[in-house]
Amino acid sequence: MAELPTTAVEIAAAVRSGQVTAVEVLDAHLAAIDAREGEINAFNLVLADEARAAAAAVDARIAAGDDPGPLAGVPLALKDNLCTRGVPTTCSSRILEGWRPPYDATVVQRVAAAGAVAVGKTNLDEFAMGSSTENSAFGPTRNPRDTARVPGGSSGGSAAAVAAGFAPISLGSDTGGSIRQPAALCGVVGVKPTYGLVSRYGLVAFASSLDQIGPFSTTVADSALLLEAVAGHDPLDSTSIDQAAPSLLDVLDRGVEGLRIGLVTELMGEGIAPDVAARVRQAAAALEAAGATVGEVSVPATSYGLSAYYLIAPAEASSNLARYDGVRYGLRVDAPTTAEMNAATRTAGFGDEVKRRIMLGTYALSAGYYDAYYGKALKVRTLIMRDFEAAYEHFDLLLSPTSPTTAFRFGEKVDDPLSMYLNDICTIPTNLAGHPAMSVPFGAGADGMPVGVQLMAPALGEATMFRAAASLEAAAPSLEEAFA
Amino acid sequence: MSAVENLTHQPVEGEHFTITSEATGDVWEIVVGLEVHCELATATKLFCSCPNMFGDEPNTNVCPVCLGLPGSLPVLNRNVVELAMRLGRALHCSVEPSVFARKNYFYPDMPKDYQVSQFDRPINVDGWLDLPDGTRVGIERAHIEEDTGKNTHAGGSGRIHGADYSLVDYNRAGVPLVEIVGRPHIRHPEQAKTYIDELRAILLATGASDAKMEEGSLRVDANVSVRRVGDPELGRRCEIKNLNSLRSLGRAIEYEARRQVDLLESGEVVKQETRHWDEGAGRTRPGRSKEEAEDYRYFQEPDLVPLDPGADWIAAIDGAMPALPAARRDTLAAAAGVAPTETAVVVAVQRDLDQLALAAIAAGGDGSRVLLHVEHNLAVEGAESLDPAHFAQLVTMEVAGQLTATQAKTVLGDMLESGKAPDAIAAERGFEAMDSSELEGIVDGIIAESPDEWADYCGGDDKRRGKLQGFFVGKVMKATKGQADGKAVNAILDARRTAAG
Chain A
1148 MAELPTTAVE IAAAVRSGQV TAVEVLDAHL AAIDAREGEI NAFNLVLADE
1198 ARAAAAAVDA RIAAGDDPGP LAGVPLALKD NLCTRGVPTT CSSRILEGWR
1248 PPYDATVVQR VAAAGAVAVG KTNLDEFAMG SSTENSAFGP TRNPRDTARV
1298 PGGSSGGSAA AVAAGFAPIS LGSDTGGSIR QPAALCGVVG VKPTYGLVSR
1348 YGLVAFASSL DQIGPFSTTV ADSALLLEAV AGHDPLDSTS IDQAAPSLLD
1398 VLDRGVEGLR IGLVTELMGE GIAPDVAARV RQAAAALEAA GATVGEVSVP
1448 ATSYGLSAYY LIAPAEASSN LARYDGVRYG LRVDAPTTAE MNAATRTAGF
1498 GDEVKRRIML GTYALSAGYY DAYYGKALKV RTLIMRDFEA AYEHFDLLLS
1548 PTSPTTAFRF GEKVDDPLSM YLNDICTIPT NLAGHPAMSV PFGAGADGMP
1598 VGVQLMAPAL GEATMFRAAA SLEAAAPSLE EAFA
Chain B
77 MSAVENLTHQ PVEGEHFTIT SEATGDVWEI VVGLEVHCEL ATATKLFCSC
127 PNMFGDEPNT NVCPVCLGLP GSLPVLNRNV VELAMRLGRA LHCSVEPSVF
177 ARKNYFYPDM PKDYQVSQFD RPINVDGWLD LPDGTRVGIE RAHIEEDTGK
227 NTHAGGSGRI HGADYSLVDY NRAGVPLVEI VGRPHIRHPE QAKTYIDELR
277 AILLATGASD AKMEEGSLRV DANVSVRRVG DPELGRRCEI KNLNSLRSLG
327 RAIEYEARRQ VDLLESGEVV KQETRHWDEG AGRTRPGRSK EEAEDYRYFQ
377 EPDLVPLDPG ADWIAAIDGA MPALPAARRD TLAAAAGVAP TETAVVVAVQ
427 RDLDQLALAA IAAGGDGSRV LLHVEHNLAV EGAESLDPAH FAQLVTMEVA
477 GQLTATQAKT VLGDMLESGK APDAIAAERG FEAMDSSELE GIVDGIIAES
527 PDEWADYCGG DDKRRGKLQG FFVGKVMKAT KGQADGKAVN AILDARRTAA
577 G
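In order, the protein sequences belong to chains A and B. The working numbering puts the first sequence at residues 1148 to 1631. The working numbering puts the second sequence at residues 77 to 577.
Okay, chain A solo, but in the shape it has when bound (with noise of 0.2 angstroms):
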């Protein structure tokens, strides 16, 4: 047998053309999970028949001529705070157990629309709400670099199935960095889009006004094709944007000759590992090289993104968790009256983390606390907005580091909530000002873990970030290049 593809392009491609069949490209991804799942624990659930099906029926459609769709036969992880119809949806919570959706989220549907074989869900910090994967009720993910390492999160095990090879592309959410955060600490790709192109339906909600959808994959290129399938407008999401999927794989190969570059000074300063400041001054040079012009910005708000992150989040999470009650689905604790049972069932079926954050959204919109709290962030998110609209009238896109360090180890954070929030400082803005943004692997730190650097564009500007990245990825030095 020829040597299978791996790419998410070359396997659709492949696959297509008929050179290989899907269940070919599945089996070997399969037995990468059956190799080394049980280290890594990247899935909360595995759909090996439901595949192998989905599989078959892609390369039957090949056999009478038809074609699948662009992502023809690729394998696809989906982070488990995407809802799947008849598929157990826990979002790695003991009170959604048992729960099965009566619906696919829209990018489920459009993903296998598009032809792609869904392997499994994979798993997050409860809620999505962390990053390290360590919240997650059903045990971590761990770092398929080195498993002493967390992953990042939350979208832990979203990064860790395509680092380790268990699927191409994969899917996961990014409420403040969830993302593009475990996508550094994993060495791979990691998109959030402008908030409204991917419609959130389906999408199990940890922050209405901040979650977005969004692709991991190994190359850029995958992580384009796989935006371009799953974007566009969705009437069942009213804040989805009226308008079509960007074209991104056409103009990968267009360079960044004449853009503007602004590395964000808030960004480079305190809490960055020198190590990582360093490799991201090695990627601004290299998109100068490549023909760009870098210079330093000035994003003051920025600095208070954190703060303000930290109330609208819980703010609105505390709402949207409310309908756990024990009323109509997922986890029951029985207690003599319906107060009390819901009581029972969310001291139950929660964790510390999600209950910390809950009991924070509920403070700060409490009567009496509104304005100073919840009010006062929204203002700073305004402020936040304001100033990357000032910084982008001068640059086109935005550089930072996407997360302050590599990849910690377990238990190192998990018991100073403060110190993990600070992981989300240089992704959080982005939420906040509804802007896309994304991670790209560049080299290695001290340790040897990946380091990944953040490019960021206006709201849209997704197809100028996709340039600047393919740039990045061409000129990134390999893992295995000491670090200087």
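Just so you know, the hints here were simulated from the structure itself, not pulled from any lab data. Glycine is no exception: its CB is placed at the ideal position from the N, C-alpha and C atoms.
Simulated pairs of lysine-lysine, DSS-like, Cα-Cα distance not exceeding 27 angstroms:
id, chain 1, residue 1, chain 2, residue 2
1, A, Lys1523, B, Lys179
2, B, Lys179, A, Lys1526
3, B, Lys288, B, Lys226
4, B, Lys179, A, Lys1502
5, B, Lys543, B, Lys485
6, B, Lys551, B, Lys485
7, B, Lys269, B, Lys317
8, B, Lys539, B, Lys551
9, B, Lys554, B, Lys539
A partial selection of chain B residues facing chain A, derived with a Cβ cut-off under 7 angstroms:
id, residue
10, Gly144
11, Pro146
12, Val151
13, Asn180
For chain A, the structure is supplied; the task is to place chain B on it using the hints.
Just chain B now, with coordinates in the frame of chain A:
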């Protein structure tokens, strides 16, 4: 003994209803503001395409969105906005750019444990509603929100506390509501009922709602407080819930006002609280006690975008606005030459007979006579299909003395049945005008036939005379086969008695 029993309440004609304390002589007035929830008559729910249907099998009109399943998202029903704006404009509100907000509280009939409503930026603000008696009741706001499901508690008292188990029907969850918040401009229990009647007429005229109190598509909460007449400050209010009929509304307001006066008169204070009306016991009772006021933690609904219907849409709604009750009363009153507050005018519009009355007046019918028939003789099905020209002719014959009032009523009944013209019916029935000398002759003949009764009639007391008047009129009617005008007969009898005395 309760002080309430020492109070007498004195309904005053017009807009005020006061309670006078016998102990202190203080006069108290009632201040009422009504909050009305009405279900909009859309085909589908507020945020999904499930049918908006009353009375179906429980939990059949549901989907992931109205069940609030994880991951589901709301999409605003355009028709809800249309109907809400129609209602708002009919209430003279300004339609503003608005936003939706989440009202957070836990209750099992609420699938998301928050209600999507409008809070600080409602769609309709600052309007008014004119009552038939001329009172203008301010409308603070009329905003859009979603309805909850319905709980049925088995065992215990029928309330959630102490129930053996509870069943929840989510068919109603997500049904579109408009909450109409009236200002505290109502001063009388009857006025509160009239306000609801008038609001109902507007809801029906605009097609916004079927407004059925008995099916719960129109629900009324009353904020009731009392104050000494002349006191500019509002008293502390109680919100009365569970008002399932207009009768309950009137009774509950009256009871609650007396309860509050009782408390204040005995030196106690009124606790601001929610109270439930118990129709059987005829009293209000405190709702479930809460240690603190509920904190709903309102914030803007992030799953929906701000709503700005724009000037064109509002103009289209204004352009298509049907004639509303107050305007219809004005038109009819002007045509009939009477005040719009006349009962007959109010009744004509209530019964949808104002178009008929206007047409009859336009065809030459006397306005007052037309309204008199509409008020007293046309409370029947099919009245609106009466031929206005025939109606006008009937009234004209009556005014000309060709028909007595009694005959006219009979002819009108026949007209409704046969559709024939009044002159033809009068001829068939042998209703001919009787001149007064002929009638006088008949009356005199009957007096001569009954000298004892006549003597009694002339000399007896009022009571006796009243009885004998009936005796004589009856005889005249018998003699004239009912064609005599009762009033004319009375006048002749009176004249003869005066002459005899």
